[in-house]
Amino acid sequence: MGPNVGNPATSRTTPHQRYLPPAPAPVDDGPGPGMIARLYADEPKNCKRAVVPFLRNLLFFGLILAVCRVYATEGRAFQVLLQVAGVALPIHYLAPYRWKKAVFLAASVAGLFLVFGADAGAVIVGLSALMIGVTRLPISWNLRVAALVAIATFLSFGRPVALFEQASTVVWPVLGSMFMFRLLIYMYELKHARKPEPVIDTVGYFFLLPNFCFMLFPVVDYRTWQRGFLAGDVHDVQRRGLDMTFRGVVQLILYRIIDQELLISSADVAGPWSLMGFLVFNYLVYLQVSGQFHIACGMLHLFGYQLPDTHHRYLLATGFTDYWRRINIYWKDFMVRLVFNPVVFRLKKWPQPAALAAATAAVFVVTWLLHGYQSFWLRGDWGFTVPDAIFWTVLGGLVMVNVQLDARKKPARPRLRPRADEPPPGVDYKALAIRSAKTAATFVTIVLLWSLWNSPTVGDWLDLLARGLRAS
Amino acid sequence: MALIQTTSLRDARVAMLQAAGLLALALIPAPAGWTRADRIITAARSNAAERADGDHHATGYYEGLVGGAEGPSGRGELTLKLMGKPNGWARFNDAGVVRHLAGDFLHFELIPEIDSVLFGQPFVTNTHGMHGPEVSVEKPPGVFRIALLGASMDMGWGVRYQDDYAHRLQEWLNVHAERQGFASTRKFEVLNFAVAAYSPLQRLESFRRKAKEFQPDLVVFSSTMLDTRLAEIHMCDVFRIQADLPYEFVREAVARAGITDADRKVDARGNLPAKEAIKRKLDPLQWDLYDETLAELAGDCRSMDLPLMMIIIPRVGKDSDPKARADSVGRLQAMAARHDLPIYDLTDTFDGINPARLEIAAYDDHPNAEGHERLFKALTHHLVTDQGRYELLFPGRKAAEESALPEDLP
Numbered sequence: 001m002g003p004n005v006g007n008p009a010t011s012r013t014t015p016h017q018r019y020l021p022p023a024p025a026p027v028d029d030g031p032g033p034g035m036i037a038r039l040y041a042d043e044p045k046n047c048k049r050a051v052v053p054f055l056r057n058l059l060f061f062g063l064i065l066a067v068c069r070v071y072a073t074e075g076r077a078f079q080v081l082l083q084v085a086g087v088a089l090p091i092h093y094l095a096p097y098r099w100k101k102a103v104f105l106a107a108s109v110a111g112l113f114l115v116f117g118a119d120a121g122a123v124i125v126g127l128s129a130l131m132i133g134v135t136r137l138p139i140s141w142n143l144r145v146a147a148l149v150a151i152a153t154f155l156s157f158g159r160p161v162a163l164f165e166q167a168s169t170v171v172w173p174v175l176g177s178m179f180m181f182r183l184l185i186y187m188y189e190l191k192h193a194r195k196p197e198p199v200i201d202t203v204g205y206f207f208l209l210p211n212f213c214f215m216l217f218p219v220v221d222y223r224t225w226q227r228g229f230l231a232g233d234v235h236d237v238q239r240r241g242l243d244m245t246f247r248g249v250v251q252l253i254l255y256r257i258i259d260q261e262l263l264i265s266s267a268d269v270a271g272p273w274s275l276m277g278f279l280v281f282n283y284l285v286y287l288q289v290s291g292q293f294h295i296a297c298g299m300l301h302l303f304g305y306q307l308p309d310t311h312h313r314y315l316l317a318t319g320f321t322d323y324w325r326r327i328n329i330y331w332k333d334f335m336v337r338l339v340f341n342p343v344v345f346r347l348k349k350w351p352q353p354a355a356l357a358a359a360t361a362a363v364f365v366v367t368w369l370l371h372g373y374q375s376f377w378l379r380g381d382w383g384f385t386v387p388d389a390i391f392w393t394v395l396g397g398l399v400m401v402n403v404q405l406d407a408r409k410k411p412a413r414p415r416l417r418p419r420a421d422e423p424p425p426g427v428d429y430k431a432l433a434i435r436s437a438k439t440a441a442t443f444v445t446i447v448l449l450w451s452l453w454n455s456p457t458v459g460d461w462l463d464l465l466a467r468g469l470r471a472s
Numbered sequence: 001m002a003l004i005q006t007t008s009l010r011d012a013r014v015a016m017l018q019a020a021g022l023l024a025l026a027l028i029p030a031p032a033g034w035t036r037a038d039r040i041i042t043a044a045r046s047n048a049a050e051r052a053d054g055d056h057h058a059t060g061y062y063e064g065l066v067g068g069a070e071g072p073s074g075r076g077e078l079t080l081k082l083m084g085k086p087n088g089w090a091r092f093n094d095a096g097v098v099r100h101l102a103g104d105f106l107h108f109e110l111i112p113e114i115d116s117v118l119f120g121q122p123f124v125t126n127t128h129g130m131h132g133p134e135v136s137v138e139k140p141p142g143v144f145r146i147a148l149l150g151a152s153m154d155m156g157w158g159v160r161y162q163d164d165y166a167h168r169l170q171e172w173l174n175v176h177a178e179r180q181g182f183a184s185t186r187k188f189e190v191l192n193f194a195v196a197a198y199s200p201l202q203r204l205e206s207f208r209r210k211a212k213e214f215q216p217d218l219v220v221f222s223s224t225m226l227d228t229r230l231a232e233i234h235m236c237d238v239f240r241i242q243a244d245l246p247y248e249f250v251r252e253a254v255a256r257a258g259i260t261d262a263d264r265k266v267d268a269r270g271n272l273p274a275k276e277a278i279k280r281k282l283d284p285l286q287w288d289l290y291d292e293t294l295a296e297l298a299g300d301c302r303s304m305d306l307p308l309m310m311i312i313i314p315r316v317g318k319d320s321d322p323k324a325r326a327d328s329v330g331r332l333q334a335m336a337a338r339h340d341l342p343i344y345d346l347t348d349t350f351d352g353i354n355p356a357r358l359e360i361a362a363y364d365d366h367p368n369a370e371g372h373e374r375l376f377k378a379l380t381h382h383l384v385t386d387q388g389r390y391e392l393l394f395p396g397r398k399a400a401e402e403s404a405l406p407e408d409l410p
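Heads up: the sequence lines are chains A and B, in that order.
At position 425 of the first sequence (counting the first as 1) the number is 425 in our numbering, and the numbers step up by one without a gap.
At position 267 of the second sequence (counting the first as 1) the number is 267 in our numbering, and the numbers step up by one without a gap.
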């Protein structure tokens with residue numbers, strides 16, 4: 001955790017900042033370029049079109065579409081949005097650079113209406129316009145935040161009002177999914193921004209096409225999303241997105257097999273083997289989340305938004321800090337930006353270990369509270385339980401210890417490139433064994449903690465372990 | 001840690017090949033006998049865990065959130081929007097085929113003389129609100145009436161009544177009666193009093209209010225693996241609509257469960273805020289309540305000298321696989337034994353058959369017409385080999401041995 005979050009975008013200067021509209025053609029200089037030519041003039045290099053790479057990507061997309069159809073991946077909403085993406089993809093690709101973000105926004109709004117219907121769609125658009133409008137009011141940042149808090153409170157607790165009875169019940173979780181975290185990030189960015197954010201970026205950030213089939217949505221960072229737009233060659237970005245999407249689809253297929261064929265009920269645990277099976281597969285159902293996150297971000301790549309990986313081989317984490325960095329990377333980044341770094345900065349006069357400990361504790365307390373807040377918007381209840389509190393406390397404690405240990409380590413010396421005449425290094429079995437042991441220990445601890453998190457009470461969890469550890 | 005790794009052309013080609021491989025795995029049928037492989041592919045292609053009508057385990061924090069799954073008020077419209085519904089699909093309560101009975105313990109019933117479409121199939125009720133052909137209240141001479149008490153699968157959820165197992169049984173019994181020489185003296189009518197989502201208590205109530213009036217000669221009580229869940233839903237609804245509890249044993253069970261007046265309090269919107277607490281309190285008593293319901297029904301039937309029997313009907317899919325159903329089947333059989341009731345366990349009817357062949361849709365594990373045909377065959381098989389029931393249906397005739405089943409047995 002901390003400073004090594006990396007810069008996910010490859011370029012700090014965004015193409016749209018580099019891009020300048022073509023100067024108007026001189027009047028006396030003969031016939032200027034036609035309207036179409038003017039639309040496509042001076043586009044960034046990254047959106048240059050090429051038939052073969054695009055057709056290759058289209059074929060890849062077609063294969064993914066076919067797999068999703070044949071395996072009935074997810075449900076109706078996902079299938080609808082996949083089709084919307086299929087239609088919008090070539091339009092977006094062929095559209096002039098200046099229109100691309102608008103095409104993406106149009107596809108997203110169309111997806112919203114197709115999935116949730118005209119009634120719910122209209123209410124969602126109306127309330128979104130209100131929220132986004134408030135973020136752009138010409139008043140102080142504090143006042144805007146106060147107004148947004150007032151609106152969110154009213155929407156949360158004002159539902160009994162007869163007016164709100166008229167709105168479909170789908171409106172609230174969808175609005176929650178769109179705004180509950182992204183609005184926090186956006187307002188944070190506005191606080192530090194030196195100039196107003198473009199309207200198209202603002203609206204597009206809240207109306208992300210795949211969000212309308214995945215209510216549990218990765219916490220996409222505004223600036224990363226904005227800077228990632230055509231940050232690489234469009235075909236490369238699309239290909240990366242297709243690869244991410246496919247990996248997500250495979251994870252969802254694996255999730256189904258685990259959920260339907262391998263996961264047993266906690267009540268069926270009797271003996272070490274069944275306990276082991278339960279613990280492992282109960283944890284691996286997380287593949288559903290990781291699969292959905294891969295697909296969500298993969299779909300954004302199709303429209304030019306290059307984003308970081310959402311997960312990175314989290315099953316192979318070698319420690320708790322490593323685990324925290326690898327699983328749900330967007331959440332980790334969100335916490336680092338909004339909680340960890342500000343706390344460390346405020347405590348910069350403290351000794352470093354104390355400041356790190358306080359910041360880590362703050363991250364886990366906020367994470368715990370925000371998981372309840374997320375549950376409130378998506379399910380309608382806060383879902384705070386004793387196992388939930390213990391889970392976050394223990395995980396936070398373990399990460400805290402790891403952070404302290406990491407901070408004491410001397411920076412690793414960069415490896416020198418071996419000389420050409422030097423024999424290749426052999427396999428370092430000792431290092432491999434240590435790494436394997438660390439990975440195994442982390443995995444075992446996490447699956448145990450995960451089973452605690454999913455238990456209704458601590459007593460149920462202890463009972464589960466007792467049944468499992470009893471010789472069958 | 002590299003957070004953005006470009007996908008090379010080679011990697012993309014490998015992924016495309018993998019996608020093609022996945023397609024082939026799904027589309028090329030597994031060789032006969034590869035049941036495990038077939039089962040895994042079926043699981044991979046089935047969105048059973050995510051489907052809209054499901055009552056699946058949401059085991060963890062994330063599973064509870066993904067897809068707007070179960071909240072305190074059950075699976076909602078959001079899940080249906082996300083997961084989808086078939087053409088002509090409607091939530092049963094929204095389909096316009098039931099009417100709600102304010103403050104009534106029965107809670108709801110099928111509307112008589114409905115001619116509608118439910119799950120893409122014609123849904124027709126007779127003048128008495130049964131999903132079946134017209135019948136008179138007065139029993140015609142020579143007619144042997146079988147009253148079927150049950151829930152959605154018995155009602156024929158997602159199939160025409162002509163295709164459900166109850167109607168097929170009636171047709172076959174009449175054909176078989178002719179072969180057995182009863183053509184002029186005995187006709188059979190299977191009266192289907194089953195209504196989707198009816199709990200055991202509602203089946204009992206339906207028997208008292210409706211079925212008795214039709215003078216049945218045999219009562220068939222159909223049980224499913226979901227009955228305790230239906231009982232839980234029904235009791236919460238009873239509290240929500242503030243209906244009186246007409247049975248002493250139910251009142252006692254509620255008292256034993258420790259459900260207080262405060263628990264039963266309804267809010268301004270007509271919701272039951274303590275629903276989850278009520279469910280938790282009732283949970284340990286559900287099977288006792290079921291047992292007492294059966295005892296009450298058996299007592300009623302005995303007092304009328306009316307034979308009563310039980311059948312256990314499976315759902316399609318994993319929820320009804322042998323391991324999952326063993327406990328419920330065992331309890332139902334024990335209850336039947338306690339009340340001296342014959343019981344036919346039909347739960348193995350769908351074993352070993354790809355669920356996709358038998359369910360009405362990928363998101364709904366009610367049996368389709370083929371599933372009902374298999375249920376009908378299984379039930380008939382039990383009937384013709386059970387001397388007690390067979391002789392009741394066809395007096396003076398002997399039940400068949402397993403080795404010599406009647407020729408007209410389908």
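Any given hint might turn out to be false.
As the list claims (entries may be wrong) - Quick look at which bits of chain B chain A covers, simulated, 3 or more residues with Cβ under 8 Å:
hint : stretch
1    : 18-27
2    : 195-206
To be verified - Using C-beta positions, here's what the derived DEER-type ranges look like:
hint : chain 1 : residue 1 : chain 2 : residue 2 : range
3    : B       : G258      : A       : A466      : 25 to 35 Å
4    : A       : V386      : B       : L409      : 53 to 63 Å
5    : A       : G126      : B       : A334      : 52 to 62 Å
6    : A       : A129      : B       : P322      : 29 to 39 Å
7    : B       : D288      : A       : A466      : 57 to 67 Å
8    : B       : R357      : A       : A466      : 41 to 51 Å
9    : B       : P322      : A       : A102      : 49 to 59 Å
10   : A       : V386      : B       : K323      : 29 to 39 Å
11   : B       : G21       : A       : K45       : 30 to 40 Å
Since the hints were derived computationally from the structure, they do not count as laboratory data.
Heads up, the beta-carbon is just placed ideally off N, CA and C, and yes, glycines get one too.
Unmet hints by their number, sorted upward, for this structure:
2, 6, 7
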